[in-house]
Amino acid sequence: MKTSLILILLSLLSATPGFSRKFTISGYIQDATSGERLLYANIFEPRRQMGTTSNNYGFYSLTLPETTGDSLTIVVSYIGYQRWQRKMALTQDVWLTVELQPAVLTGQAVEVVADAIERIEDSPQMSQIHIPIRQMAAIPALLGESDIMKVLQLLPGVQSGGEGSSGIYVRGGAPDQNLILIDGAPVYNASHLFGFFSVFNSDAIQNVNLIKGGFPAHYGGRLSSVVDISMKEGNNQRLAGAATIGLVASRFLLEGPLQTGKSSFILSGRRTYIDLIARPFMHGEVGGYYFYDLNAKLNYIFSQNDRIFWSAYTGDDRFYARDDYEDDTYFNKNEFDLGWGNFTTTARWNHIFTQKLFSNTTLTYSKFRFNTGIKDITKENNQRTEQTRAEYDSGIKDYSARLDFDYLPNPNHDVKFGANIIWHEFNPGASHFKIEGTDLSELDTLIAPVEKHLAVEASTYVEDEWKLSPRLNLNFGIHASLFSVSDTRYHSIEPRFALRYLLGNWALKASYVNMTQYIHLLSNSGIGLPTDLWLPSTKIVQPQQARQVALGLARSFRNGQIEFSAEGYYKSLQNIIEYKEGSDFLGLETDWQQKIEIGQGRSYGVEFFLQKKQGRTTGWLGYTLAWADRQFDNLNFGRRFPFRYDRRHDIALVLTRMIKPGIELSGTWVYGTGNAISMGVARYSGVNGLLYSDFGDFWSEIIYYKERNGFRMGAYHRLDLGIRFIKRRENRERIWTLGLYNAYSRKNPFFYYFDTEDGERRVLKQVSLFPIIPAISYSRSF
Amino acid sequence: MKSFLQNQYKRLLAGGLLLSLFLVGCETIVTVDLPEAPSQIVVNSLFNPDSVWMAHISRSQGILESGPMEIIPNATVEVWSNNTRIASLPHIGNGFYKAATQYPQAGQAYEIRVTAPGSALATARDTAPFPTVLERVDKKLIFGGIYYNWEEYECTLHFTDPPGVKNYYHLALLASETWQGETYYFPYYFESNDLLLNEGEVNLDPEHRFSGEEAFFDDAVFADRAYALTISFEEYDYYDRDDTQIFIILSTVSEAYYKYHQSFETQRTRGDNPFSEPVMVYNNIQNGLGIFAGSSSSVYQVVQSGAGRAAGRGLAIPILSVKQKNAKAAK
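Each protein sequence line maps, in turn, to chains Z and D. Numbered per my numbering, the first sequence spans residues 1 to 782. Numbered per my numbering, the second sequence spans residues 783 to 1113.
Next comes chain Z alone, as it looks inside the complex (with noise of 0.2 Å):
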């Protein structure tokens, strides 16, 4: 009955109006040079104004009415490359696969162009954003490192923590709410050196999505966003590599075919190296800090409808400082080691059923550990007397497997479902404690939550892309999913829907979505640091959800060079968590769910995006007006107060200019509202204890906050340069990077604290960190 169902489903997906045979031109669009998949390159008839784009992995399908003699021209193009056109009949069902050149205009320097054919009121999506990583690569960075997190936070809508650092608070959202996917294996924390850095390696990256609102169905599992990066693949036509040099990193990137046009591998690394510079310098103390990552991919096509990948990344943090003193009698030696990263791997097999009829099953392995401890050891007259030694380790691991169908039955229908699973394996934090000794007690102790928490997750989509009319446009779906956790378990139904409608030139584009997250992050600080504890919903602390309606207008100009989006949206959360007033992550209670406040939180505002995509100057103007806020009964009294990141202004201009062939100038200025934090305006004299009157008085100072988060913090506000000067030759390619962070040296408030200066005038100072921060890098490819 079901599968009856099913078929005659499809079979009314097929069905299009009209009476002519109708035959599919499918395929992949791939770089002509390396053989890499494009991602969400256009695919056009032009006659006809049908068309489609290619999906996450560069397949394509395009059904069409016959077509005799060269009456039918297919055009494609993609962000960068050179547009492809060609004429052509249609008589029966046609493999195509398209290899685009990339655009090289000059001689000298890539400048980014596509044909204007998928213009933005096109699309029924809002609030999504493709940014090939060609683009990214100009925009200036701090210390010259080139990022793709930072390259978001300068979107409207998102939000960047503070100075430097690399996560992103979208649409009021925490961190933990966003989705962030590499190859399709969840990242579970995203940067280096407490945020300064993001994971992730550009060198390797092909292409980023990034979805802040009207979800499609085939996503889910978190509130706030999604970034969906994809690796590159390798370049299956010839051996390519890269290698940079800049002042706090290194990287290099290898590519090639193992067997040329079938398989290939990608290998890119980096490292940072202040501490092996350092090293010299440092005598009997010793310290330092690095950070490395590596990424690995091989793919091997067994047929045209057959391809396999595997991938993998893995990337470490590691501060670590040594301390010894050693006399004729004595040694005393503290050790002291903070470390954490990622690891996530990733198998898929791609499978054409049909030339309409596309799947995907990924396999992923993700874990995030964090460990800090130190060490004491004491000896006298060469025998070990005291060693005392204290460990934290928390971390979380997933293992997944997903299948995904992409079904094209003809041009108004683009219809996706399939379902994942997901094992979790947390590990909320245990503290280790030993003490061995001559003058202790022995102690050796670990520190509840002993067991970890076994989670499963499961869910299920289907959702259309369906073309109702010319100025019609639909994507509604749905996503359900299951979580169960030891006698526990949560469902939840989440409609989806998206439309366009066209009036006139204009689009206007409305998006209504339900999101559930059975995952909490707990964070001390929020912006990210690697001691934030990632927990499973449990009977006491409920999923988190969602509930977001945006509404916008969209359109291009000067065929689709430039395009316009506006949105307004309203968001609101539920079952979100806290720490509990002066708890931390170290506090050594049995269980965290004591640590913990439940509570709530909405955002709303509206988003203005200007860009230019083509041309010698290309760049964008985005403006955020926006409001957020949390509601917890046993924080701030109950009373709603701001959230941390609540930013009433956000403004981003990104511009880069190619001044003549081979020199590439950029810039960016950013502005935002300050954070609110929380901050004492007053002191006053508390009374503590209950032996008030008749026994004794207890005095002691109170601090009064006026509100939880009531304090604006200075408002934030940055310019970068930067310049690149590009020499091709053929295959190679150098690249000198000169840039500025920070050009005229605001001094963005970092934190506050309180000091006194002269033996008791009290002041309230703030830290400041990055002044003007010159950097120079040096790439060189071949």
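Think of the hints as simulated: they come from the structure by calculation, not from any bench. In this text the structure is predicted, and so the values were computed from the model without any measurement. Relax, there's no trap hidden among the hints.
Heads up, simulated DSS-like pairs for lysine-lysine below, C-alpha to C-alpha not over 27 Å straight-line: (1) Lys948(D) to Lys580(Z); (2) Lys580(Z) to Lys1041(D); (3) Lys706(Z) to Lys1041(D); (4) Lys333(Z) to Lys379(Z); (5) Lys580(Z) to Lys452(Z); (6) Lys367(Z) to Lys397(Z); (7) Lys706(Z) to Lys765(Z); (8) Lys87(Z) to Lys467(Z); (9) Lys706(Z) to Lys580(Z); (10) Lys727(Z) to Lys660(Z); (11) Lys539(Z) to Lys948(D).
With the Cβ distance kept under 7 Å, some of the chain Z side facing chain D (calculated, not the full set): (12) Ser678; (13) Ala682; (14) Ser685; (15) Arg762; (16) Lys765.
A virtual CB, placed ideally from N, CA and C, is assigned to each residue, including glycine.
Given the coordinates of chain Z, work out where chain D should sit on it, guided by the hints.
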């Protein structure tokens, strides 16, 4: 050892984090202006039917001001109930205002009204809950005896949670000693394994989960029913004067009292921990700051001096409240 390790641990981690930040940054420190917070009346009045009305009135200081808090010696302080003035509290020195003879009554709602030159009327309302009677205290000598100069006792406190309302409790031990004719009272240290007093805290020594001089708890785990709470304490008699008296005081406190104390204590103990959010202290004064909150107490004397000590070992004797003593004396 536990707190030493924790402190070292946090300090090292905080230092590590900051050092790491500054390794890559070139931090600059500048002094910034802070909007001035206008000074407000501070009212502190914790009332109990055992004591006459009393309050302390002072002014708040801007966060950047230093020096001692300014007391207000010329305020008008009154206590009202049902639109009737119950008591006027004259200034008795050093910011303290005290009624002559009036006592609060349990179960009665009161409002304090404070006016001071240059400040708007500050008010607050609260009620002293009815006391929860310490029905029985079973005392057991765990260690020591007549030949030792210290002893360890275990006491089990029996009481019943008043039904129908959410109740909050405060438990404290007080000791008194007499020196040159003057009796001195001081808080007394006790321990307990009862999770009621621990609120999830894990002590590395599982035999003594709670240790301190006072504990607050609510009735979440024994609402509307009887409860037996066991504590232990040690009694020293260093000078062999044998005049130490120890009292167990179980107080039922109002919700405002509980919130004030819990938030105040959390702010005080949080210190400058960089990993936790600042704690806001509960305040129920309209047009001002501070606390106006009630409590009622049950008192048991568990160690007594002199001959009573020798005769009464193993007994716990309920003692009269201060108010009852005063009433008796008046007769």
